[in-house]
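In order, the protein sequences belong to chains A and B. Residues 9 to 122 in our numbering are what the first sequence spells out, letter by letter. Residues 28 to 141 in our numbering are what the second sequence spells out, letter by letter.
Accuracy of the hints is not assured; some may be wrong.
As the list claims (entries may be wrong) - Ranges of calculated distance between the beta carbons of each label pair, as one might list FRET restraints: (1) A:76 to B:138: 39 to 49 Å; (2) A:81 to B:69: 16 to 26 Å; (3) A:25 to B:95: 44 to 54 Å; (4) B:30 to A:86: 25 to 35 Å; (5) A:77 to B:45: 13 to 23 Å; (6) B:95 to A:17: 33 to 43 Å.
Unchecked claim - Which residues of chain A face chain B? A partial, calculated answer using Cβ under 10 Å: (7) 52; (8) 109; (9) 115.
Just so you know, these hints were derived from the structure itself, not from any lab. Small disclaimer: the values here were computed from a predicted structure and weren't measured. Ideal Cβ positions, reconstructed from N, Cα and C, are used throughout, including at glycine.
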Amino acid sequence: EPEVTQTPSHQVTQMGQEVILRCVPISNHLYFYWYRQILGQKVEFLVSFYNNEISEKSEIFDDQFSVERPDGSNFTLKIRSTKLEDSAMYFCASSDEGGGTEAFFGQGTRLTVV
Amino acid sequence: GENVEQHPSTLSVQEGDSAVIKCTYSDSASNYFPWYKQELGKRPQLIIDIRSNVGEKKDQRIAVTLNKTAKHFSLHITETQPEDSAVYFCAASKGSSNTGKLIFGQGTTLQVKP
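Let's have the full structure, built from the sequences with the hints guiding it.
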């Protein structure tokens, strides 16, 4: 069964450093998302991406964040200068259509900022 | 703004009993309501979803009901088993949107005692 895959599974970084989280969405999907989940809290929407551009972003997704689809398979989330409060599990997801269809989640990248 | 409230935050039942988790949503334009199960340290996985053109949907021991007027939807698990123990998240989305953004509830930790 096709899966969304994310790398790395765990990333530890120093405050102020840049990190790139990588995702390979399901191959025929057209919509891509990043969500984050701070430990013990709910899953929060960060950004959606369709047709090579951001279609919606949340207040969390400020200028420190960016997304890119550098080739036909990868989808990345970059945090330019990490803060302690960026520590969370980051989930990538994809769907074959937009609203109203199942979003398939990756296994997550646990980001720890020290 | 868009918000989904979920109750209870924790639920403990005896094996074989039923479990009910309730959610309310604020955006009347929401018309897609998935439920995700998240086991410890793993990705959220869709267990059932409902669209606003139906009031109830059932899949074996799991059912979801939707009251559009009251903006409530609920997850019902019958004949609970220990492997049902997990965190359950409800979510809401605008099915007509081109973003597919999901707004999640706070989660319910379900414990099924053998």
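Whether the CB-CB distance between residue 25 (chain A) and residue 95 (chain B) falls inside 44 to 54 Å: For residue 25 (chain A) and residue 95 (chain B) the Cβ distance comes to about 47 Å; the hint holds.
- prompt: Is it true that the C-beta distance of residue 76 (chain A) to residue 138 (chain B) lies inside 39 to 49 Å, as the hint says?
  reply: Roughly 41 Å apart at Cβ, these two residues keep to the hinted range, so it holds.
task: Given the hint of 33 to 43 Å, check if residue 95 (chain B) and residue 17 (chain A) actually sit that far apart at their C-beta atoms.
output: Given a distance of about 40 Å, which is inside 33 to 43 Å, the answer is holds.
message: A closest beta-carbon separation below 10 Å is what the hint needs, so does residue 109 (chain A) meet it against chain B?
response: With Cβ-Cβ at 7 Å, under 10 Å, it holds.
message: Quick check on a hinted range of 25 to 35 Å for residue 30 (chain B) and residue 86 (chain A), using CB atoms only.
response: With a Cβ separation near 29 Å, residue 30 (chain B) and residue 86 (chain A) satisfy 25 to 35 Å, so the hint holds.
message: Range first: 13 to 23 Å. Now tell me if the beta carbons of residue 77 (chain A) and residue 45 (chain B) are that far apart.
response: Distance hint for residue 77 (chain A), residue 45 (chain B) is violated at roughly 44 Å.
Given hint residue 115 (chain A) near chain B, where the shortest CB pair must fall under 10 Å: 5 Å, holds
- prompt: Does 16 to 26 Å hold as the CB distance between residue 81 (chain A) and residue 69 (chain B), or does it fail?
  reply: 23 Å, holds
Proposed interface contact between residue 52 (chain A) and chain B, which counts if any beta carbon pair is under 10 Å: Interface hint status for residue 52 (chain A): holds (7 Å vs cutoff 10 Å).
Taken one by one, the earlier hints fail for this structure only at number 5.
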